[in-house]
Amino acid sequence: MSLLEINDLHVEFRLDAGTVKPVNGVSLSVEAGQTLAVVGESGSGKTATALSILRLHPTPPCHYTGGEILAGGRDLLRLPEREMRRIRGNEIAMVFQDPMTSLNPLKTVGAQIAESLRLHQGLSRSEARAQAVEALREVGIPHPEQRAGEYPHQFSGGMRQRVMIAIALACRPKILIADEPTTALDVTVQAQIMELLAALQERFGMAIVLITHDLGVVARSADQVLVMYGGRPVELAAVDDVFDGPRMPYTKALLRSMPRSDVPGGAPLDPIPGSPPNLFAPPGGCAFHPRCALAMPECATQVPPLLERAPGHSAACLLEGSP
Amino acid sequence: MAEPLLSLRHVRKEFSSKVVAVDDVSFDVHPGETLGLVGESGCGKTTLTRLILRLVEASGGEIWFDGRELLGLRQKELLAVREDMQVVLQDPYASLNPRMRVGEIVAEPLVTHGRVRRRSAAARERVAELLDAVGLEAGSQDRFPHEFSGGQRQRIGIARALALEPKLVICDEPVSALDVSIQAQIINLMKRLQAERGLTYLFVSHDLSIMRQIATRVAVMNLGRIVELAGTETLFTAPRHPYTHSLLSAAPVADPKVERTRRRIVLKGDPPSPADPPSGCSFHTRCPAARAECSATRPPLAPQESPGHTAACLFPVSDVAALT
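Taken in sequence, the protein lines are chains E and H.
Going by full-length UniProt numbering, the first residue of the first sequence is number 1, and it counts up by one from there.
Going by full-length UniProt numbering, the first residue of the second sequence is number 1, and it counts up by one from there.
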């Protein structure tokens, strides 16, 4: 049974410079113990989708113009803000990309972990403090009793990201949203954090929505993959199907264009021409058609629907046929 | 083999007398090759490029470029050398002046070195050639950087670096700020320009997949030192230093089947601080194969089996299984 289900989500930012639609018709679902990776380049709508789950976009300018986000039998888009606050950091938690700017520099890390425990679980000050030390221990921070009393600047980048994970997991959320959790980290530290997340997921059985631009990270940790391009979902399938048999030309081109560390150099790479679309002036039809080697005239006018092309494998491309 | 274009000998840089950012670094870069410099944040790779460009003054050692020793040169002599040595920077948003038009940006090195006059017809003509070489329209001259995407801005930065027809181009993470689909465009462009113009690159990156695609040889840096140097294929297929093994093992590969089956080294603990480096081998605190001697003796770069392969390890490792 899925813990989180998004159906046909539409989000708009109404800005002075014009209206931007970063999320158009995203649907996904994640089950307990599973990881869904949302992959895309800058401006693809992946982070906008992630922030929508916890309704973290400020309104205005953001408007949730359609669809539903179902978790625990409720539609999060229709909950009053007061109830939403009970869910954030409790049932659904989030880890952000940059641990330096998402931690409060003026509070000890112990106090920052204790904050959500006191708020959501009604623990006393001393109980919350003891729990915070346990939370630091769980994420592999040495000497947690001492470290709980220290400030974020006293931690390395990798240790700060462990603190972020400790805060996120303190209330044992059912769903964890991780937005580029290792992008700011060095590669050896990234490997440590990914191992940690996998171990904690196995232990607590949470569902993870992993937002990333890195196909290597996807290959290592995802069960399901949603590929986004220009604010739309373009392919959704099990991780092996996406890498072995991609159906959307964008996914195919992206996999071909990637420099790989396990393939000898020498031959020229196979880049995708052009640039990702400008969301203020998105191309008509399929957002990828100006860069697509296989584009047909109708691709410029018709938006291809995301349809199931094989069991469990959806793709949005007119070449795959329309209904 | 021809004389190296760039030679570093025992180059050292201390900041505020405590932090040794670059420690006894020696290597050669040969004409027409790409020497890759790979390492994690804080390893000293960017400082090293600044020492070569003399944007930061070295604390010791020698840097020979095209037959001249750079560290002893006066500012005026340095200006002449810099015509042959240009740089492409990481952030194409921060490295182009937002108030200058693209034509002025690309012409600036030519004007500075007295090759053309500002806003002259000759300058426009030369800039048009350069923009064409990097795949931008000549009409781009009259536009401002903000009108371009990240990949296009990096092309502008490359055109500027090529304006003086340098021998050496130092590239500091030139594709790291770009989207995946754009990285391949820029790498192909840089390889093509190298072949057409006989350029030599010193290419700094933390990204091993990019390194394998562009470098002729790769030097691995850790805490201010070169710990391994080899031809690219040797480094990727037969590394000897446990740190190199760890980097290769940590970098995820875009193939779920490979990821499920590969042996992975997961290091314990944090990278040490450059302000408080460990004794002996700088990697011994995290090394899965460290022995007692490793904390006492600092290993020098020593030759390995294949020619040109050196590694700074007392107990070099061939089989990654020994580390997992």
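Everything labelled a hint here was simulated from the structure, so no lab data went into it.
Where hints are given, some of them may not hold.
Not close to chain H: a few residues of chain E, all C-beta gaps over 12 Å, as computed [unchecked claim]:
1) G122
2) E202
3) R247
Once the Cα atoms are required to be at most 25 Å apart in a straight line, the calculated DSS-like pairs of lysine-lysine come out as [unchecked claim]:
4) K76(H) with K167(H)
5) K191(H) with K252(E)
6) K252(E) with K257(H)
7) K167(H) with K191(H)
These numbers were taken from a predicted model, which means no experiment stands behind them.
From the three backbone atoms N, C-alpha and C, an ideal C-beta is built for every residue, glycine too.
Results for each hint:
Residue-level check passed: G122(E) sits 35 Å from the nearest beta carbon of chain H, beyond 12 Å. Non-interface status of E202(E) relative to chain H is upheld: no Cβ of that chain comes within 12 Å, the nearest being about 15 Å off. Listed as a non-interface residue, R247(E) keeps its Cβ farther than 12 Å from every Cβ of chain H; the least gap is roughly 17 Å. Among the hinted pairs, K76(H) with K167(H) is consistent with the structure: their alpha-carbon atoms are about 19 Å apart, no more than 25 Å.
With a C-alpha separation of about 24 Å, the suggested pairing of K191(H) with K252(E) holds against the 25 Å cut-off. Between K252(E) and K257(H), the direct Cα distance comes to roughly 17 Å. Compliance with the 25 Å bound is thereby established for this hinted pair. Of the pairs offered as hints, the one joining K167(H) and K191(H) holds, with about 15 Å between alpha carbons and a cut-off of 25 Å not exceeded.
In terms of the numbered hints stated before, the structure departs from none.
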